[in-house]
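Just so you know, the sequences run in chain order A and B. Read left to right, the first sequence gives residues 185 to 267 (the working numbering). Read left to right, the second sequence gives residues 185 to 267 (the working numbering).
You can trust all of the hints, since none of them are fake.
What follows is a set of in silico ranges between Cβ atoms, one per label pair, in the way DEER data are often shown:
| id | chain 1 | residue 1 | chain 2 | residue 2 | range |
| --- | --- | --- | --- | --- | --- |
| 1 | A | Asp213 | B | Ala208 | 38 to 46 Å |
| 2 | B | Ala236 | A | Arg247 | 34 to 42 Å |
| 3 | A | Arg211 | B | Arg211 | 42 to 50 Å |
| 4 | B | Gly232 | A | Arg240 | 41 to 49 Å |
| 5 | B | Gly232 | A | Val197 | 20 to 28 Å |
| 6 | B | Ile258 | A | Pro238 | 30 to 38 Å |
| 7 | A | Glu259 | B | Pro267 | 23 to 31 Å |
| 8 | A | Asn255 | B | Asp213 | 14 to 22 Å |
| 9 | B | Ser233 | A | Ala239 | 39 to 47 Å |
| 10 | A | Gly232 | B | Glu266 | 30 to 38 Å |
| 11 | B | Lys194 | A | Gln201 | 15 to 23 Å |
Lysine to aspartate or glutamate pairs mimicking EDC-like chemistry, simulated, CA-CA at most 20 Å apart:
| id | chain 1 | residue 1 | chain 2 | residue 2 |
| --- | --- | --- | --- | --- |
| 12 | A | Lys224 | B | Glu259 |
| 13 | A | Lys186 | B | Glu260 |
| 14 | A | Lys224 | B | Glu260 |
| 15 | A | Lys194 | A | Glu246 |
| 16 | A | Lys224 | B | Asp199 |
| 17 | B | Lys215 | A | Asp237 |
| 18 | B | Lys186 | A | Asp219 |
| 19 | A | Lys186 | A | Asp237 |
On the chain B side, residues computed to face chain A include the following (Cβ under 7 Å):
| id | residue |
| --- | --- |
| 20 | Gly216 |
| 21 | Val220 |
| 22 | Arg221 |
| 23 | Gly223 |
| 24 | Tyr225 |
| 25 | Phe226 |
| 26 | Gln227 |
| 27 | Ser233 |
| 28 | Ile248 |
Worth flagging that the hints you see were computed from the coordinates, not collected in a lab. Because the structure is a prediction, the values reported are computed rather than measured. Think of the CB as a built atom: it goes at the ideal place given N, C-alpha and C, for glycine as much as any other residue.
There are 2 protein chains.
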Amino acid sequence: MKAHVYVTLKRSVLDAQGQTVAGALRRMDFKGIADVRQGKYFQLTLDGSLAADPARAQVEVERIAREVLTNPVIEEFTLRVEP
Amino acid sequence: MKAHVYVTLKRSVLDAQGQTVAGALRRMDFKGIADVRQGKYFQLTLDGSLAADPARAQVEVERIAREVLTNPVIEEFTLRVEP
Numbered sequence: 185m186k187a188h189v190y191v192t193l194k195r196s197v198l199d200a201q202g203q204t205v206a207g208a209l210r211r212m213d214f215k216g217i218a219d220v221r222q223g224k225y226f227q228l229t230l231d232g233s234l235a236a237d238p239a240r241a242q243v244e245v246e247r248i249a250r251e252v253l254t255n256p257v258i259e260e261f262t263l264r265v266e267p
Numbered sequence: 185m186k187a188h189v190y191v192t193l194k195r196s197v198l199d200a201q202g203q204t205v206a207g208a209l210r211r212m213d214f215k216g217i218a219d220v221r222q223g224k225y226f227q228l229t230l231d232g233s234l235a236a237d238p239a240r241a242q243v244e245v246e247r248i249a250r251e252v253l254t255n256p257v258i259e260e261f262t263l264r265v266e267p
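The following block holds chain A by itself, in its conformation from the complex (with noise of 0.2 Å):
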């Protein structure tokens, strides 16, 4: 089973790597893209006893995410927990 962890900049936090791409894709005439935000992606595999308890995985997951993968200051997270 697989876990997936997405941690983003806050909104009021400067991405300065977001802009470089979005800046990239306009000198390269791509159209249409009016923002662009990067980020870090985390694909947990699960083993034995967490990927047999859906609902403990997704506690987990959460605490993981949010203690060890999530700088609070200046980051924020999403997650999913595959079924």
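Since chain A is already given, all that's left is putting chain B on it; use the hints.
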């Protein structure tokens, strides 16, 4: 309208960042995580013309992901265009 692109290292490529995170989780006594892979996440905000035509948006975002956001030698991508 938003599109989401997830870029990860190919399975055959050593993911040092992911292994470092997995090791840290083990040392911090988080149980049940067999493996971690780390990648990049791009959130694209589509404007007018592209937002009005989901089929074209899908094609265009796939082109951006393939030609700009991904290094095809070592990376692969998945994408999702919001309906």
